[in-house]
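Asks: Those protein sequence lines, which keep their order, are chains A, B, C and D. For the first sequence, UniProt numbering gives the first residue as 1, with consecutive numbering after it. For the second sequence, UniProt numbering gives the first residue as 1, with consecutive numbering after it. For the third sequence, UniProt numbering gives the first residue as 1, with consecutive numbering after it. For the fourth sequence, UniProt numbering gives the first residue as 1, with consecutive numbering after it.
Derived from the structure by calculation, the hints contain no laboratory data. Quick caveat, the model's predicted, so the values are computed rather than measured. One or more hints might be untrue.
If chains are identical, the list can't say which one is meant, so a pair holds when it fits in one copy or spans any two.
For lysine-lysine, the following DSS-like pairs were computed, each having C-alpha atoms within a straight-line distance of at most 27 Å [claimed, not checked]:
1) K245 - K56
2) K227 - K240
3) K164 - K107
4) K339 - K207
5) K165 - K4
6) K198 - K24
7) K307 - K339
8) K228 - K57
9) K139 - K57
10) K198 - K227
11) K4 - K103
12) K245 - K198
13) K228 - K251
14) K227 - K165
15) K164 - K240
16) K241 - K139
17) K365 - K198
Number of protein chains: 4
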Amino acid sequence: MPNKTVVLAYSGGLDTSCILVWLKEEGYDVIAYLANIGQDEDFEEARQKATNLGAKKVIIEDVRENFVTEFMYPMIQADCIYEDRYLLGTSIARPCIARGQVKVALKEGAEYLSHGATGKGNDQIRFELSYYSLFPKAKVIAPWRMESFIEKFKGRTDLFEYAKKNGIPLPVTPKNPWSTDENLMHISYESGILENPKTEAPRDICKRTTHPEDAPDKPERFEIEFKKGVPIRVQCHSDKKSSDKPLEIYKHLNEIGSRHGIGRIDIVENRFVGMKSRGIYETPAGTILREAHLDIENITMDKEVRKLKQYLSNQFSQYIYTGFWYSPEGNFVRESLAKSQENVEGIVQMQVYKGHVYILGRESKTSLYNEELVSMDVISDYNPEDAAGFIRINALRLRENTRLRQMTEKMQ
Amino acid sequence: MPNKTVVLAYSGGLDTSCILVWLKEEGYDVIAYLANIGQDEDFEEARQKATNLGAKKVIIEDVRENFVTEFMYPMIQADCIYEDRYLLGTSIARPCIARGQVKVALKEGAEYLSHGATGKGNDQIRFELSYYSLFPKAKVIAPWRMESFIEKFKGRTDLFEYAKKNGIPLPVTPKNPWSTDENLMHISYESGILENPKTEAPRDICKRTTHPEDAPDKPERFEIEFKKGVPIRVQCHSDKKSSDKPLEIYKHLNEIGSRHGIGRIDIVENRFVGMKSRGIYETPAGTILREAHLDIENITMDKEVRKLKQYLSNQFSQYIYTGFWYSPEGNFVRESLAKSQENVEGIVQMQVYKGHVYILGRESKTSLYNEELVSMDVISDYNPEDAAGFIRINALRLRENTRLRQMTEKMQ
Amino acid sequence: MPNKTVVLAYSGGLDTSCILVWLKEEGYDVIAYLANIGQDEDFEEARQKATNLGAKKVIIEDVRENFVTEFMYPMIQADCIYEDRYLLGTSIARPCIARGQVKVALKEGAEYLSHGATGKGNDQIRFELSYYSLFPKAKVIAPWRMESFIEKFKGRTDLFEYAKKNGIPLPVTPKNPWSTDENLMHISYESGILENPKTEAPRDICKRTTHPEDAPDKPERFEIEFKKGVPIRVQCHSDKKSSDKPLEIYKHLNEIGSRHGIGRIDIVENRFVGMKSRGIYETPAGTILREAHLDIENITMDKEVRKLKQYLSNQFSQYIYTGFWYSPEGNFVRESLAKSQENVEGIVQMQVYKGHVYILGRESKTSLYNEELVSMDVISDYNPEDAAGFIRINALRLRENTRLRQMTEKMQ
Amino acid sequence: MPNKTVVLAYSGGLDTSCILVWLKEEGYDVIAYLANIGQDEDFEEARQKATNLGAKKVIIEDVRENFVTEFMYPMIQADCIYEDRYLLGTSIARPCIARGQVKVALKEGAEYLSHGATGKGNDQIRFELSYYSLFPKAKVIAPWRMESFIEKFKGRTDLFEYAKKNGIPLPVTPKNPWSTDENLMHISYESGILENPKTEAPRDICKRTTHPEDAPDKPERFEIEFKKGVPIRVQCHSDKKSSDKPLEIYKHLNEIGSRHGIGRIDIVENRFVGMKSRGIYETPAGTILREAHLDIENITMDKEVRKLKQYLSNQFSQYIYTGFWYSPEGNFVRESLAKSQENVEGIVQMQVYKGHVYILGRESKTSLYNEELVSMDVISDYNPEDAAGFIRINALRLRENTRLRQMTEKMQ
């Protein structure tokens with residue numbers, strides 16, 4: 001059947017392997033698309049597996065560099081954070097993968113796009129809104145929302161059975177009693193035994209970062225240099241190792257952060273579909289970069305612009321979380337926020353130690369900090385009597401309010 | 001001269017002692033008001049000193065309990081933070097002290113209020129806006145803004161000379177090359193050698209918290225119970241020590257946090273008067289409580305209410321920082337935010353270790369978390385096909401936008 | 001079949017009559033619920049019709065008083081407006097009707113709720129979110145979204161055929177080439193020939209308000225008195241007619257506004273489902289009340305509280321438009337905004353003339369306006385030199401920014 | 001004394017003439033700067049007068065075109081409005097005049113800038129913040145805030161005496177019992193008998209617009225074409241008159257609006273200095289343009305971008321009102337908002353009649369309105385069943401909230 005081609009976001013794992021085979025059974029030509037976004041994966045093995053399972057084509061793309069510069073950098077510029085805690089490590093990967101899929105679909109003339117995300121989560125939304133936004137005529141196949149598929153695959157046993165029957169290699173390591181998502185920015189752990197929000201996570205759940213108690217007993221010092229709100233250089237003070245290319249910088253900071261147990265959180269968050277879920281995340285470089293950027297930003301950015309930026313950043317975080325990366329509003333805030341970063345440059349001195357990030361100092365050629373002006377020992381241009389007027393004018397409204405409200409109260 | 005009485009916010013230190021004597025010289029009767037807000041001070045010695053210096057009256061008031069329940073609790077409920085980092089430990093103390101002063105002024109029939117805050121800082125504003133709001137007819141004497149005073153006291157040497165001449169006891173310990181402010185919530189360090197934002201703070205600058213590197217090698221576990229968004233119980237898991245009264249709870253958490261080096265930050269912030277300044281703050285209990293409250297809040301609060309709360313909280317933080325605690329807008333947000341906390345209750349399991357706070361788990365009788373609903377293994381009431389419709393309707397606007405913008409672009 | 005009872009939001013018109021019969025055919029017992037929210041309807045005729053069509057029960061409820069006090073009053077307090085123009089006349093009626101339906105369902109033990117709203121509009125959402133919020137176990141039948149129903153009723157001809165076959169009385173007047181929704185607050189006109197946003201609406205489309213060109217040649221003057229942000233009295237100056245009960249006040253203002261062609265708009269708006277639609281609305285009393293309330297509010301409310309109120313009001317308007325009247329966030333803003341109205345009281349002098357509303361003057365016992373303070377001829381307590389300090393401190397940041405940005409630019 | 005030169009914002013009226021002479025008495029060389037921003041003034045007579053009074057130089061500059069394109073256009077793009085009612089006609093003129101003054105000061109090497117604004121108003125702030133921002137080293141002379149000046153000129157009698165003594169021509173027409181400010185955008189009336197907010201303004205107070213009752217009995221129709229959010233053409237339908245240059249367009253719309261009594265308001269507003277004041281404003285073209293722009297914007301702008309725009313626009317209006325046109329935050333929002341206007345283009349059909357503006361229809365090549373999609377008669381691509389899923393997912397949170405809150409309540 002011509003053109004019934006589907007581009008599947010293939011991970012190499014059991015689920016999407018079963019989906020690949022199932023899609024074929026349903027009569028589709030399947031192009032397996034696997035984006036390298038920094039996950040721990042044997043890509044050649046994955047290619048072989050998909051080919052063996054009958055994929056018409058297997059496309060493996062290393063998008064790590066783009067993932068850093070086009071997706072993570074705008075988030076760093078904006079200091080994005082969802083509900084005051086979550087750094088959006090999974091959320092940001094979805095539009096990056098979806099874009100890759102759409103590019104393949106357009107090139108190959110495929111109408112269908114498919115993914116292995118569940119029907120209760122955020123990822124289905126992030127994938128599909130990206131599909132629809134970049135490719136309005138896309139048709140989506142989301143097996144985990146389709147009754148016929150769900151009926152067939154009620155639990156892991158069914159998947160195993162199906163795998164055995166269809167020559168899908170079974171995972172060699174036993175599955176953890178939780179699920180995991182991984183990319184350059186973070187690893188997440190959720191569901192399974194973690195679904196009870198009271199249950200403490202197992203001590204060794206985190207794969208990327210050293211447990212803080214096992215981290216080095218000596219702090220590690222380094223500096224990050226920013227230009228236009230993004231890191232352009234990282235340098236460690238002990239080993240002098242220095243990185244100055246986006247992907248290298250990001251990986252370098254991941255190493256530092258991982259070594260010292262940085263960026264582990266355990267939270268309950270609000271999903272877009274209206275339910276609360278519990279997640280455990282580790283985001284070493286992301287955590288360091290947010291602290292560093294907040295610091296260099298505040299010495300170079302006007303305070304009222306900062307307030308606007310904070311509002312827009314909060315909106316931007318919502319958009320990213322809910323899947324609206326590719327959207328008119330996403331584009332608008334991205335461009336506006338980028339504007340705000342023109343002068344955000346300088347060097348931040350930092351230290352990590354046993355799970356915590358410390359800022360030690362900062363300097364910037366575009367600093368708006370005026371040491372002389374702020375000094376208690378220098379009067380300079382500043383006339384303290386001005387402050388008296390400033391306060392009295394600010395107080396005018398408060399005094400009137402108290403006076404008149406008291407008057408009213410007495411009168412009644 | 002009748003009624004030329006001034007109530008001075010007296011600290012017991014050199015500056016306000018000199019101001020006390022100077023005010024007398026200027027012809028005022030001086031009432032020294034010293035609020036115990038948890039600073040490290042010998043209050044009886046301070047009383048004696050003020051009396052010796054000729055204060056007409058010395059009033060020392062232990063307001064620690066009120067400081068916790070009336071000032072810190074609303075901040076905890078709101079998750080207040082200024083510019084994403086500062087927990088407002090100095091800001092919140094000012095209206096508390098100012099209220100004490102105004103009460104004394106009204107009782108004693110004094111028209112004048114005075115304080116020792118500098119002319120470049122935020123504290124002068126926080127003191128005086130509180131004065132004016134609570135006592136619209138107040139007259140303010142801010143010596144550090146008055147030319148005659150500044151002329152007389154150009155540097156510390158002048159203060160020392162004046163002190164010697166007027167029998168003001170000199171500090172026995174040499175002054176640090178920075179200035180400090182202290183209360184139950186935090187200690188701040190700024191100015192002096194810290195004015196250069198690049199200069200790293202001395203290793204042992206912090207007085208309250210143990211240096212993280214010197215903190216215990218074993219994590220400490222405890223739980224905090226909340227009711228209506230404020231802590232009602234703290235219990236350590238090792239020593240079983242438990243506290244359930246506001247001041248006790250706060251002190252208990254300060255102990256835990258101090259022991260483990262919690263809540264140290266080094267930031268550049270935007271002062272209300274328009275300059276940037278650098279501050280180092282330590283806020284052990286405040287840091288723990290913010291993390292704990294964010295956690296219990298997110299499991300018990302609706303997500304859309306949370307967004308509103310976040311906006312109001314951000315405004316509230318601005319008001320507190322800029323001195324508008326006593327203001328119509330301050331009252332409005334305080335009441336609104338309190339409303340949002342009716343169901344914020346439950347127990348958070350926590351751990352501190354070497355400078356970092358960890359959430360381990362949480363439980364709540366008023367939880368909106370539905371383990372069955374979120375479970376990937378249970379369909380329950382949730383129909384995954386609904387999500388397809390949800391996504392397609394959300395995508396409608398995006399698809400139209402892409403389609404029409406592409407059309408427009410082609411046409412042009 | 002026990003308990004397969006459905007409560008239908010019955011309007012008395014052709015569509016819901018067909019739905020009533022169709023529901024019966026589908027095996028439901030139908031309770032017809034008809035809320036009197038001020039539409040122009042012969043309610044007894046409607047009752048007879050529904051009974052004749054086989055409704056198990058017909059419940060007609062006059063909810064006009066509640067509609068005014070529980071639904072419109074919070075909107076008046078908040079100055080609600082959607083996208084700067086739409087006064088939400090249709091939006092606000094839906095939760096009011098839905099609540100009536102749910103009450104009946106609970107009382108009668110019915111599980112099902114049904115309505116005649118289309119599948120592309122906002123009303124389906126407003127009805128159903130209200131149902132689900134008030135009655136979480138509700139089951140919804142929305143015929144205009146069901147393939148079987150849509151297939152059967154492809155156009156008006158099908159409805160007419162079905163009506164004839166089933167003894168449903170046909171409308172005596174020919175249908176306008178647009179659709180209409182009506183209640184005490186407004187009448188809306190949309191779809192049909194109005195779907196082309198360029199097409200001018202027919203001159204005589206509006207049923208409630210006189211065409212401005214046909215309105216009286218003399219302005220009409222009246223005053224509205226507010227208490228706690230809601231009107232408590234309306235008095236005309238010419239005929240001395242006065243009203244002081246909620247429903248009477250609202251009807252009185254509708255009369256005044258209708259006579260003078262007040263409150264007609266023609267807009268394109270953004271529906272919740274993501275499409276733009278064009279609507280023509282007439283909202284006479286609502287338009288007058290919004291102007292009057294804005295005016296009395298601004299003389300009695302602190303300016304910073306006003307900013308918060310404006311933000312919350314904007315959110316509230318979004319919630320009402322998108323159907324979240326009954327929701328945690330809706331409750332939260334309603335309560336917060338009500339708080340802000342404690343002192344919003346006084347009398348506004350107004351005039352209407354040929355389609356426009358004018359404010360002539362206002363007075364209030366709780367006014368924060370201080371005539372003496374603002375007067376250019378009186379210095380009073382105000383020291384103009386304070387303004388100099390106020391300005392200089394506000395300028396500090398601006399001057400620094402210019403100075404340092406220029407320096408930076410020169411250096412580069 | 002070299003370089004003690006002051007650039008005075010000269011209006012040609014009595015006040016600034018007295019200030020001119022007084023400044024000379026105080027030892028300054030005075031450069032009189034008079035900007036033509038569309039006020040009704042005999043500029044040559046003013047030049048002569050200033051020269052006669054001893055101005056070292058008189059500079060009269062026609063900045064009307066710039067006033068429209070650089071100041072009003074960004075406001076039109078943003079739909080600016082202060083406190084929901086005031087169109088900022090006076091506010092926006094100040095930075096325009098101040099910029100002219102600063103340019104002269106820089107060119108002439110003058111250090112001082114002066115204006116005739118009072119010490120209680122907003123204009124002093126708008127002038128001076130603009131001065132300081134554009135010229136950080138500026139020194140400001142604000143006579144109406146200086147004790148020596150105020151002492152000398154306690155009332156109008158003193159001004160008259162001084163004028164007579166110094167050869168300053170007295171106004172030939174008796175002064176109205178209120179004060180006025182005028183420019184191309186609007187005329188304002190305040191103070192004097194208008195200070196009592198209850199007092200109705202005299203029938204014939206407005207100078208620019210015809211009283212609505214005296215306006216033509218026939219409506220007038222015209223269309224406005226927009227491109228990038230600003231008007232590029234106005235055409236009347238009756239007389240076919242058409243304008244397509246910024247200043248011409250603005251004047252043309254002022255004519256239309258003035259003829260029909262458009263844009264008159266009577267409000268109480270909150271001044272930046274903390275007091276409430278009452279003002280009467282007439283803004284004919286500004287009122288028409290805001291309505292037209294809102295309309296064309298809503299058919300061409302994505303709804304979520306619109307929400308962001310609305311927030312930023314509200315902030316922008318605050319900045320303009322409080323004098324922060326030239327500021328980092330002002331620049332930021334101006335640029336962001338301009339971005340949002342890229343596709344805001346099309347033609348709006350309008351009508352004015354007896355004081356009211358009506359939108360009749362609109363069309364746009366960049367429209368996001370899809371007539372087919374919204375049509376109730378066409379299914380097209382839209383699947384109504386999607387709406388069911390959309391609603392149920394949106395309801396999930398509401399149902400859970402009701403269910404769990406009820407459970408909690410029962411349990412307690």
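Asks: First find the shortest C-alpha distance between K339 and K207 inside one copy, then the shortest across copies, and answer within, between, both or neither for a cut-off of 27 Å.
Replies: Neither way: K339 and K207 sit 37 Å apart in one copy and 41 Å across, limit 27 Å.
Asks: Between the shortest in-copy and the shortest cross-copy C-alpha distance, which are at most 27 Å for K241 and K139: within, between, both, or neither?
Replies: Close neither inside one copy (48 Å) nor across copies (52 Å); limit 27 Å.
Asks: What label fits K198 with K227 when the C-alpha limit is 27 Å: within, between, both, or neither?
Replies: between (43 Å within a copy, 17 Å between copies)
Asks: Between the shortest in-copy and the shortest cross-copy C-alpha distance, which are at most 27 Å for K4 and K103: within, between, both, or neither?
Replies: Intra 17 Å, inter 50 Å, cutoff 27 Å: intra-copy only.
Asks: Give the relationship of K228 and K57 under a CA distance limit of 27 Å: within one copy only, between copies only, both, or neither.
Replies: neither (40 Å within a copy, 45 Å between copies)
Asks: Tell me, please, which holds for K198 and K24 at an alpha-carbon limit of 27 Å: within, between, both or neither?
Replies: neither (42 Å within a copy, 49 Å between copies)
Asks: State whether the alpha carbon distance between K164 and K240 is at most 27 Å within one copy, between copies, both, or neither.
Replies: neither (51 Å within a copy, 53 Å between copies)
Asks: Between copies, within a copy, both or neither: which fits K245 and K198 at Cα up to 27 Å?
Replies: Close across copies (25 Å), not inside one copy (42 Å); limit 27 Å.
Asks: Checking an output row: K365 and K198, CA cutoff 27 Å. Within, between, both or neither?
Replies: between (48 Å within a copy, 12 Å between copies)
Asks: Using 27 Å as the alpha carbon limit, work out where K165 and K4 are close: within a copy, between copies, both or neither.
Replies: Within one copy only: 25 Å inside, 45 Å across.
Asks: How would you classify K164 and K107 at a CA-CA limit of 27 Å: within, between, both, or neither?
Replies: Neither. Shortest intra-copy (34 Å) and inter-copy (55 Å) distances fail the 27 Å Cα cut-off.
Asks: Up to 27 Å between alpha-carbons, please classify K139 paired with K57: within, between, both or neither.
Replies: Classified as within; 19 Å inside a copy, 46 Å across copies.
Figure legend: structure checked against the earlier numbered hints; hints not met, in rising order: 1, 3, 4, 6, 8, 14, 15 and 16.
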